[in-house]
Amino acid sequence: MSLTLLAVQTLNGLQLGILLFLVAAGLTLVFGVMDFINLAHGVQYMLGAYLAVAAFQLTGGFWSALPLALLAALACGLALEFVVFRRLYDRSHLDQVLATFGVIIFLNEAVKTIWGAAPLSVPLPALLDGSIPLTETLAYPVYRVALIGAGIAVAALLYLLVTRTRLGMLVRAGASDAEMVAALGVDIRRLFMLVFGFGAMLAGFAGILAAPIFSVEPGMGDNLLILAFVVIVIGGIGSIRGAFLSALIIGLTDTLGRSFATDLARLLLPPAAANDVGPALASMLIYVLMAAVLFVRPAGLFPVRSA
Amino acid sequence: MSAVLELIGLNKAYGALQVTRDVSLEVRAGEVHALIGPNGAGKTTLIGQISGALRPESGRVRFEGRDVSALTLAERARAGLGRTFQITQILPEFTALENVALAVQAHQGHSFRFFRAAARDTRLNDAAMAVLAEVGLAERARVLAGALSHGERRSLELALALALQPKLLLLDEPMAGTGPAETEHLVALLKQVKQRCPLLLVEHDMAAVFELADRISVLVYGEIIATGTPEEIRANADVRAAYLGEEIPA
Amino acid sequence: MMAPSSRLRDVLMPLVLFGALAAVPLYATLADDRFILLFATRIAVMALAALSLNFILGFAGLVSFGHAAFIGIGAYAVGILAENDIWGAWISLPLAVLAAGLFALVTGAISLKTRGVHFIMITLAFGQMAYYTATSLSAYGGDDGLTLWGRSEFLDTPVFSDDTWFFYLVLALLAGAYGLLRRICGSRFGRVLAGARQSELRLEALGVSPYAYRLVAYCLAAMIAALAGALMANQAEFVSPSAMSWHRSGELIVMCLLGGLGSLHGAILGAIAFMVLEEGLSGVTEHWRLIFGPLLVLVVLYGRGGLLGLLDLGKRS
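Residue numbers (the UniProt record's numbering), protein chains in the order written: chain A, 1 to 307; chain B, 1 to 250; chain C, 1 to 317.
Bear in mind the hints are in silico, worked out from the structure with no lab data behind them. Mixed in with the good hints there might be a few duds.
To be verified - Here are some of the chain A residues that sit facing chain C, going by a computed Cβ distance under 7 Å: (1) V84; (2) R87; (3) D95; (4) F106; (5) I226; (6) D276; (7) A280.
To be verified - Once the Cα atoms are required to be at most 20 Å apart in a straight line, the calculated EDC-like pairs of lysine to aspartate or glutamate come out as: (8) B:K191 / B:E173; (9) A:K112 / C:E286; (10) C:K113 / B:E75; (11) B:K191 / B:E211; (12) A:K112 / C:E278; (13) B:K167 / B:D214.
To be verified - Among the chain A residues that face chain C by a calculated CB cut under 7 Å, a handful are: (14) T113; (15) V230; (16) P279; (17) M284.
All C-beta atoms, glycine included, are put in the ideal place defined by N, C-alpha and C.
With the hints as extra help, turn the sequences into a complete structure.
Have a look at this one:
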């Protein structure tokens with residue numbers, strides 16, 4: 001367990017945390033404002049990545065593909081909202097879970113039908129295709145550092161948007177009391193659509209950022225979705241600040257856990273047993289963390305709703 | 001007369017809004033104690049704190065000489081503190097009989113009984129039918145609670161509390177939304193219930209309050225401004241001021 | 001669900017369902033169609049799992065999104081024991097059931113403290129925890145799963161090894177579980193569960209805290225699901241983490257909804273409908289999910305009450 005490895009894994013953990021935050025931010029807002037549980041939020045991440053692939057094939061450059069894919073992701077989100085989701089806002093959580101599950105099944109299969117099941121990728125943009133030397137033997141890719149930077153910038157922007165603007169005020173009020181906002185004469189449908197489109201775009205953005213470094217394949221959003229749910233439950237549903245902090249906590253815990261659990265297990269167990277127990281332990285870590293947090297604070301770290 | 005229920009210095013706030021201010025009150029054996037006050041005075045919040053659904057920030061609740069401040073809603077119910085809700089809390093997918101039978105079953109002890117059919121359990125059904133007959137719902141026993149009229153639901157709500165054979169009954173606006181005939185029925189019913197256990201009655205219908213109550217407390221902005229017999233309350237200048245514009249029957 | 005409902009739905013329908021299933025081996029022999037027997041076995045196993053979920057989902061109103069974990073635990077109990085050369089069903093089945101019951105006791109004790117969306121999420125997360133644990137069991141196949149080189153044994157009988165016998169074993173367990181759960185639904189215990197589904201506040205005001213009752217129901221459902229898992233391992237002679245994936249949990253909920261949450265046996269009907277639909281659609285096109293996904297959305301949006309609801313509708317008109 002060298003120090004440089006620790007540094008690299010910490011950066012990897014931050015990177016996962018940032019991607020998680022981008023997905024979780026939309027999820028937590030949609031959830032907080034509309035009380036709408038959207039399992040299909042993960043496929044919006046996947047769509048972002050596939051749209052990046054398509055846009056890259058179309059334009060041949062990362063920087064021109066980025067805005068194009070972003071707009072397409074927004075359009076997809078709005079289309080889904082228009083066709084399916086707006087019929088679900090006043091339904092039970094069970095109905096929402098099932099209908100959005102249907103959307104996942106459809107979209108996962110749709111991308112498989114269009115682009116095939118084989119993993120795709122987008123080349124790194126030339127501008128960011130280098131690495132930063134950490135030590136004489138170890139370097140860290142510039143693109144990944146840029147990803148972390150971009151994520152933090154978006155987080156800051158989002159925070160300002162939510163705390164400083166009228167729209168943000170409505171969103172915050174909606175998260176704590178949707179009926180009150182409706183009573184104030186705000187067109188709640190339009191607010192919902194705005195928040196929804198915005199959330200879809202953020203998830204899409206995460207997918208676009210991930211496209212050059214992860215393999216783009218059907219179902220890639222599913223596991224991230226579960227992690228994003230863990231993030232918003234720990235952070236407190238509806239809280240951007242909570243989502244940011246807990247996304248970083250989850251990203252770091254999961255990444256560091258996976259790299260070091262076996263080493264730690266070896267301190268206590270014979271090597272053969274440690275090789276078995278380590279990975280199992282690592283994969284359970286974040287869920288144990290979530291259970292522990294919920295046990296102590298049932299509404300998460302930064303509860304928005306008082307009830 | 002001894003106090004069945006004693007509230008000692010209850011305080012509760014929602015943020016900056018103080019909804020209960022140093023409330024002390026007692027309900028004596030055999031009495032109907034009415035709690036009145038303008039909308040937003042904090043009556044339902046106070047009932048919540050007595051029944052255990054809400055926690056006060058400070059103060060104590062004593063029931064039958066025992067401090068129940070730390071007990072939950074369910075524990076206080078088992079101790080004999082029955083309540084009805086302002087917004088009817090019945091089980092809409094059960095029949096009226098099944099609703100009350102569940103209350104009877106709760107009163108009889110734990111429900112970890114897995115095999116005997118509850119629907120054919122005469123120990124449940126007979127007792128439940130007796131309570132339904134008392135509130136005038138015997139003929140509606142097989143009707144789904146969700147299909148009952150508003151007045152019938154209010155009666156069922158009361159039946160659920162009565163089936164527990166409470167030692168004190170907290171009634172949160174039992175006449176809310178009922179028509180004149182139903183109100184008359186409920187007043188007559190409460191007069192019977194009064195023979196069995198003391199009542200703490202929150203109600204807006206002043207005619208009903210003055211007909212039923214032995215003593216009245218007036219809650220304004222979370223604070224009790226007066227307690228006394230109906231005559232004393234009627235004569236109280238503070239109360240008249242608080243109810244400015246509203247009519248107190250002479 | 002305890003509405004005084006049609007006899008058609010609550011008496012005749014279960015008889016028809018079990019009668020039809022019981023007749024499958026006869027048909028298979030007459031038509032010389034071995035596939036239909038194996039298919040019916042898979043359906044009956046899945047129906048057992050869906051039934052256990054419908055007990056807590058439809059009847060107790062707990063939207064558990066991690067039910068596949070219990071199936072997986074049951075399956076892995078059989079697989080791990082077989083890998084260690086223990087084939088006796090009198091060891092593996094009780095162990096499978098106990099292990100899942102224990103897992104449910106711990107996770108349920110935590111999950112049931114939460115409500116609504118939090119409950120959905122936390123059961124989902126515990127399900128994922130079991131899933132990832134299975135994928136990291138490198139000694140037992142890890143990601144790839146574990147092939148069993150045979151089926152469980154029970155004394156010297158052919159109940160596991162012979163396909164027809166095995167089908168009737170599964171069917172008998174399904175019928176037994178259905179009878180047991182139906183009995184429980186009608187008991188005092190069942191009344192508390194159904195009451196708490198409608199108004200938790202009312203139950204509390206009656207002096208009943210639903211928590212302990214729900215926990216018992218949750219464990220019971222988990223144990224029945226584990227039994228289904230143990231049968232599944234025997235049926236497929238293969239165990240893999242995918243049996244625990246959250247997609248599978250989702251599919252189980254879909255089965256319950258498809259059949260109708262309002263009656264226990266809705267889950268059995270739903271499991272049959274789901275598997276037949278899956279089989280039928282995948283015969284039409286490789287991309288059958290393109291049809292199945294939107295179909296699911298439509299069922300949720302417009303098909304209140306599931307297939308059993310249709311029965312009531314037919315009666316009313």
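A quick look at each hint next to the structure:
Hint status for V84 of chain A: holds, given a least beta-carbon distance of 6 Å to chain C, under 7 Å. For R87 of chain A, the suggested interface contact is upheld, since its CB lies about 6 Å from the closest CB of chain C, less than 7 Å. The beta carbon of D95 of chain A comes within 5 Å of a beta carbon in chain C, closer than 7 Å, and the hint placing it at the interface holds. Hint status for F106 of chain A: holds, given a least beta-carbon distance of 3 Å to chain C, under 7 Å.
Given hint, I226 of chain A at the interface with chain C, holds; its Cβ is 5 Å from that chain's nearest Cβ, closer than 7 Å. The interface hint given for D276 of chain A holds, since its Cβ lies 6 Å from the closest Cβ of chain C, which is under the 7 Å cut-off. At a threshold of 7 Å, the smallest CB-CB gap from A280 of chain A to chain C is about 4 Å, leaving the interface hint in force. Annotation: proposed proximity of K191 of chain B to E173 of chain B holds, straight-line Cα distance about 16 Å (limit 20 Å).
A distance of roughly 11 Å separates the Cα atoms of K112 of chain A and E286 of chain C; the hinted pair therefore holds under the 20 Å criterion. Only pairs whose Cα atoms come within 20 Å are accepted, and K113 of chain C paired with E75 of chain B is accepted, the gap being roughly 17 Å. For the hint linking K191 of chain B to E211 of chain B, the alpha-carbon distance of about 9 Å falls within 20 Å, and the restraint holds. In summary, the hint linking K112 of chain A to E278 of chain C is supported, as the alpha carbons are separated by about 18 Å, within the 20 Å threshold.
For the suggested pair K167 of chain B and D214 of chain B, the alpha carbons sit about 17 Å apart, so the restraint of at most 20 Å is met. A distance limit of 7 Å between C-beta atoms decides the matter here; for T113 of chain A the minimum to chain C is near 5 Å, and the interface restraint holds. The interface hint given for V230 of chain A is met, as the beta carbon of that residue sits about 6 Å from the closest beta carbon of chain C, less than 7 Å. A cut of 7 Å between beta carbons decides the hint on P279 of chain A: the least distance to chain C is about 4 Å, and the hint holds.
Restraint check, M284 of chain A versus chain C: the minimum CB separation of about 5 Å is within 7 Å; hint holds.
The structure fails none of the hints (numbered hints given earlier).
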